[in-house]
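> So you can see what is in the structure, the chains are spelled out below.
Number of protein chains: 2
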Amino acid sequence: MERGKITTEHLTALKEIVGDEFVFVDADSVKYYGHDETEHLLYLPDVVVKPRTAEEISAIMKLCNEYGIPVTPRGGGTGLSGGALPHLGGVLLATERLNSILEIDERNLQITTEPGVITEVLQNAVKEKGLFYPPDPSSRGSCFIGGNIAENSGGPKAVKYGVVKDYVLNLEVVLPTGEIIWTGANVLKNSTGYNLTQLVVGSEGTLGIVTKIVLRLIPLPKYDLLMLAPFASLEKASEAVSAIFRAGFVPSAMELAEIDALKIVSKMVDSHVVPVNDDIAAHLIIEVDGNNLDVLMSEMEAIATLLQDFEAGEIFFADDAQQKAELWKLRRRVAEAVKSSGYTIEEDTVVPRAELPALIKGVKALGKKHDFHAVCYGHAGDGNLHVRIHKDGIPNSHGNDEMQFILSELFKLVYSLGGTISGEHGIGLIQKGYMNIVFQEANLRLMREIKKAFDPNNILNAGKIFDIA
Amino acid sequence: MERGKITTEHLTALKEIVGDEFVFVDADSVKYYGHDETEHLLYLPDVVVKPRTAEEISAIMKLCNEYGIPVTPRGGGTGLSGGALPHLGGVLLATERLNSILEIDERNLQITTEPGVITEVLQNAVKEKGLFYPPDPSSRGSCFIGGNIAENSGGPKAVKYGVVKDYVLNLEVVLPTGEIIWTGANVLKNSTGYNLTQLVVGSEGTLGIVTKIVLRLIPLPKYDLLMLAPFASLEKASEAVSAIFRAGFVPSAMELAEIDALKIVSKMVDSHVVPVNDDIAAHLIIEVDGNNLDVLMSEMEAIATLLQDFEAGEIFFADDAQQKAELWKLRRRVAEAVKSSGYTIEEDTVVPRAELPALIKGVKALGKKHDFHAVCYGHAGDGNLHVRIHKDGIPNSHGNDEMQFILSELFKLVYSLGGTISGEHGIGLIQKGYMNIVFQEANLRLMREIKKAFDPNNILNAGKIFDIA
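Chains as they are written, first to last, in our numbering: chain D, 290 to 758; chain V, 290 to 758.
For reference, chain D alone in the conformation it holds in the complex (with noise of 0.2 angstroms):
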């Protein structure tokens, strides 16, 4: 067998490791694999793989380490930087099957599931027992926990309760060369060798294919209340965001919508209730969580009062459940609206919290300079600032040169900030030109260093994050 190559030998092979049923390569089958929500970038793989287990998987990986076969395992495909896109050719190995959550420990709170589970079933599942996984990417009803893994996402609640990192415990691993290994223990503090779990973590499926994951869980709080705050300004907005931190407060979420963004998904999903008239620039959508309401409904007291020194407007305050879903509605598909009207990239910068209002101000100017429009949204609580660009008359692809030099200067400006590249999407397959700008060569030796020691023949998901020289 041709090294490198998918030949009818390794078809047959791998046929006999997952069963016949379970290899695809039938033009509807590759096409379906080779897209993700990145762009509308489609790079065709050879051959879709979906094993079951560990072991399958394991036998994979030693046949393609063996001929030198790329890899690219794959979750919900729901990915915005291309971490799942075959772009080389080969195995586009679908972990979908691997689909069980495997236990729900009430004793030590904490859940062992595969990463094919989608996010939202894993998040139900365990609120039903009166647990709570807070991680939550607005893709949670399409895409995978172990994509969470991969990415190390976040999603609004991050700002109080932390990212997906802050929960992995224990992963198991597929190496690139077939050994099946537990990264930790499913213990709380661990000080014992390197810390290969965070390793694998955000580590965009370039290290091993996570096979198992242990998560911390939280006891569910009992309450939460809504606001929802229009500001005239998008610079009033985002100063108030750090005040309320400063003023002593940790929101359970505390997002930041530009009014653009937030016509476009009223009017996509067809709802009234975010107020859209022409003083309001921009909304703050905060969150409070625990477990007495008397406590929470003093602290939106005070926050409201407190936004008032920024000029805020008539304050909304959510009702019921079916207000706040349907303001977490807008919330959640804004990325997807924005994205049909024209704005197709989703930029994923994040600055320390303070320096929101200058990255803004940055990008307007950065806009005005390079004649381009932009609209802001995001985890605004956590700095992180999802920025879409449109220009006429060229594609809003990372493909396009001067795309590439607009991002270019946005990422200086979120570096000169103290601030990187991508705070909860990753870098995948279309950011990696723009890592120069935020590490030093050494920091890129030592990733491809440590890429070589998890795989040294470079087959899973290779050039993703960084080229192999």
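Careful: at least some of the hints might be erroneous.
Any copy will do: because identical chains look the same in the list, a pair fits if it lies in one copy or spans two.
Derived lysine to any residue pairs resembling SDA-like cross-links, with alpha carbons at most 20 angstroms apart [unchecked claim]: (1) K741 x I469; (2) K416 x A532; (3) K501 x A731; (4) K741 x Y356; (5) K511 x A536; (6) K351 x E730.
If you are wondering where the hints come from, they were derived from the structure by calculation, not from laboratory data.
Chain D is already provided as a structure; the job is to place chain V on it using the hints.
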């Protein structure tokens, strides 16, 4: 100059880098820096060097890297696993002159500090601004924040607030090859490349020398309440621990101590606050904190009621700051007291929280089987149990064969319960022989390869955590 050995030429070069007055070869200095708090081990370095800046450390590393000279970094010297012991001689690099807090950023709730700042000094400095850095090892009055990073330290507050790794945003690190890098960015969310920050945290000074640390801070809770609950059996006390979390409470501390340990420490500090009558086998120290005193009072009452199900005796509520301080002093000095009365090994076992009763039962059973006496205390809420062993007729040292056998049995028990060797002390020099109990060969291979990527000539804290073949 000869490879590997310190010569007068090397000493001259070191003096040129840091200044004559910061290079020490006198007997007192090499003896002082030849030990830490680990057993009674003593390894004399050839020379003690006290640089002031990252640039000086970079120059030292370049020199030592070129000539293959072992370098051992040292913080406060309070380590319990021998991480700072210069067991190969060479250069002992003391970080005590890098002792400035560089910035407390109240806008972003972050602190930037050098590694040689004493943890308690840092905590008090942020407290003055109404901010909170929770990780608080028992040695906080003398350990360095840099050492806490190296060992991923915990302490009593970890149960609610997490350990050191949960607060580190970004690190300036001098690599063994002399390059100076920042591992990440000063942001709360980061999905930009491999998590070098988390890889360095807990790497026990083997991957680089941390020269600047950016930590996130949180608002300081306004109130805390403390109780001491006696139990007639150690098992009942440890069962109560798990029940409290399952009932939805998240105490800010949840410590367990066997009566033997409390007797010794009470005598040492001449305190009478802890009841030590014959019906008591162990105590739980439980703290809750938050911003609403009424809520905390009712939490304490609810917890006290719950404890009755586990046959708790009369609960003592600390009435004022002085009583709280006395209780905490007792807890913090347990290790020192128990050590001084013949139990010189403090093991750092950690299991899933609900396995604590099984661990304690197992420790006692092992003691019976192998004829040793064990005393247990620690951070029960995290499943992190410190076990000190004494056996008549054998030295309390990891160097003793029989002790090694006993500890192997203990760690096998811990592993069988889903736990691991070290929750917060690290592996260092004295525990590396047990790593294969909890890790497969593939894990250890990856760790060695990562070490090699950072330190190709194996000069920095070599032979800690694992041996390089």
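> Decide, hint by hint, whether the structure agrees.
Hints, verified against the model:
no.	hint	result
1	K741 x I469	within (17 angstroms within a copy, 22 angstroms between copies)
2	K416 x A532	between (32 angstroms within a copy, 19 angstroms between copies)
3	K501 x A731	between (32 angstroms within a copy, 17 angstroms between copies)
4	K741 x Y356	within (17 angstroms within a copy, 27 angstroms between copies)
5	K511 x A536	between (24 angstroms within a copy, 13 angstroms between copies)
6	K351 x E730	between (32 angstroms within a copy, 17 angstroms between copies)
Going through the hint list in order, the structure satisfies each hint without exception.
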